[in-house]
Amino acid sequence: MGLGRIFIMAASLALLFGAGWASFASVGVAVSRDVGAAAVARGTSVRRSSVGVGNTGRLRVK
Amino acid sequence: MSDATRSINCTNCGAGLEVLGGGRVTTQVCGYCGAALDANDAYRVLEVWDGMERPSSPFRLGMSAEIDGATYTIIGTLGMQEEYKGRYWDWVDHQLFSPTHGYAWLTVEDGFCVLTRKLRDGPMGEFLTPTEVRRASSPPRVAWKGTSYRYYSTTNWETNYVEGEFNFRPSRGRRGTTVSVMSDDPKDGMLHFLMPEGGDEREIERSHLWPEAPAAFGVDRAPRPHGQHPLQDIRPTFGPFMIAWFAGLSVVSVILAFVVLAIQPGPTRLYSGAPTEIPSELGFTVTDTSKPASLVLRQSLNNAFAGYEVKMTGPDGKVLADTYREISYYSGGSGDDAWSEGSRRQSLNFVPEATGDYTVAVTRDESATHPANLRITFEEGRRNSFWLWAVALLFAVVAIAIPFFGLSRRAGRWKGSDWHSED
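Chains as they are written, first to last, in my numbering: chain Z, 1 to 62; chain C, 63 to 485.
Note that these hints are calculated values from the structure, not bench results. All figures in this text were calculated on a predicted structure; none of them were measured in a lab. Accuracy of the hints is not assured; some may be wrong.
Claimed, not checked - One side only, chain Z facing chain C, incomplete, derived with CB under 10 Å:
#, residue
1, Leu15
2, Val31
3, Ala37
All residues carry an ideal CB built from backbone N, CA and C; glycine is no exception.
Looking at chain C on its own, in the form it has when it is part of the complex:
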């Protein structure tokens, strides 16, 4: 026989059928009448499956493509389905044949193309069966070539469409189970432990995503993938660069916050001592009218209160404050029950309208006195480092959160797994 493509006529309906599949083909199914023909017995009719509906796939028998330097031709098409609790999943398996590299599978599901090859050196000693999966208390793992593969899913499949040539005996209604395992690295692909029903041929296969398949086979309208495939390498949107960016911004914010604190002038002490000995008039000098200033009264009292009349006069003799401040601080309890109320600090906050010498008269309220030490200070040029601390914290949180978002995106590969912990 020559290497050139040859054809036969279906022994059931007479339709012309191309013979593409090489010497290991055992069955050819006519796409016109659904007759299964025995390729090893003069294409004798084995069975006829009427009314099969061809599944949707952009790939057709006879299409060829190069994979890793070898030319593969699509020789067969299987329509596959899984049903679970009233839900159906459909996909199409195309058997591929290469005269030099043998047989493989091209699977089309949800618009994704997957290339699957039989593993001759697979972990047959660790063949994972559905029974073992059911008995396992944690997701079963399989080690192969130094890589750990974790259980992903069990598929109870059924063939509902057959066309073309196959190196085994397919049939409509053929059932089987496939246990799939996957590593954390998409490059390792997925291992499948295949067990057809009623047969003893167990196979181990390995799948990789093959997004270039439509172009390689010259498909006019490539299927549009939808959803996320477990073999997709989902890279985090924000990687190390953005982590460094936000960490850097956080550091810059902290430095700027310290700069704000550093350039803030320290408080000027106007008085410190017993409230009974406050001079009738205290003075301070304002040099900065662009920033808020503050006159602060601090008294180290506890479970008590004290009141003070405060009268502040500007450099032009105009009264700028004639007011009252009450310092009140109460506390109690201990440990988790500890509480406090009020503050030992009160202030007059203002934006000075003019530079110059100001005076302030602080007079204790006779009806609300306390002997604890009183300290009166003046601060000007007050800035607010709060905003820089706030963004420093925000940037730090984002920098820390990014890796977690990245992990969650990659962990999304496992969201289709049918393993559910019962605890």
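The shape of chain Z in the complex, shown without the other chains:
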């Protein structure tokens, strides 16, 4: 079995593990910018034209 093939197999396994981790770790689940005590303290209030938006990535609003 060639080194190239072993490398591709290892890389594909790594990709599967990465995707599994990302899925279980909630990577990419949107978090709204206007939720959290800090957001309220800042007076963040999203109205009308920009409702429901959230950052991508697993961001903890502080």
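Once you've looked at the hints, dock chain C against the given chain Z.
Using the frame of chain Z, we list chain C on its own:
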């Protein structure tokens, strides 16, 4: 005459020439002076070709090798050339002789060694001529011994160098045409329909790649092949094992994606009904602070909008959201012209900092109300199966693509074909 190697002196220049070729040799060409000698007439000088330049080949007259148990000796060398629209292709044909198996050819081109033998039981009834090829609307095919051979190329060759012994009468400047056909399996080799110019002797030959030739003949510096030879068996880099590997990974990814969906807690319904009757306060309990949670508002409206003030309070009484959500959904058209804009779903997505009982007050905006049913739910422990679906798709695409790559590699054997469809 004994079986031992004998020699003669060139009747033109007197150089010593080995006689290696057996009883069917008709012509011997002196490598020193270029004189063609009639082997059947006391080596009478037939013609002299001055200034011939010996083509490059690691094989020399007198070298011997075993092929399938028979010993073959190189008895002659022909320098060959084809010219087409200013481009030249050169190769060297060495005539081989075996006292038990007769004559054959060793061709050296682009560093590849090819063994060619005359076919005595070839498909003479289907002899393919250049005229037939020109008239054909699709690549001509020839069937022989249950195998279908497809047209590969036509070679208009010319001999520009002659040395040694031959079982025919070669000459410098001798021209001819060879039509070659090939099957999809390299093991079948290549069939050649040979037509020398001005002669009526038609021959069918069969060629196989012979990469072991340099070692068999004891050549010091074996030629280095470059490019791809049509008779090479190009095996796909990634075969069935890798197809199974990626298909397997795709299946595993799909299973894991379903697992992610399965362990995801279902939504808790906080309210469902008319927006005018929402209780002043709704409550939900957070048990998982390690994953994002979501408060979702769904309203089944169409071509309308509605707004809601949303105030969420944590278990410690701290206000965590004092915000607004507008649900707006518009659609129209039909068929290919159908369109929609907005969403019937809005949410507050957050990572809870503490477990406990949360409260939320959802108050409709008096200036933006709609009577359609409103549903408010709470979800926690949200995971993201997107990544697993994505790699499942990627692995599936790779598994499907591999055979096509393999085919394209093998189809590369035909890239040198001179057949071009005109449509």
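Going through the hints against the structure:
For leucine 15 of chain Z, the shortest C-beta to C-beta distance to chain C is roughly 6 Å, which falls under 10 Å, so the interface hint holds. About 5 Å separates the beta-carbon of valine 31 of chain Z from the nearest beta-carbon of chain C, less than 10 Å, and the hint is met. Hint status for alanine 37 of chain Z relative to chain C: holds, with the closest Cβ pair at about 5 Å, below 10 Å.
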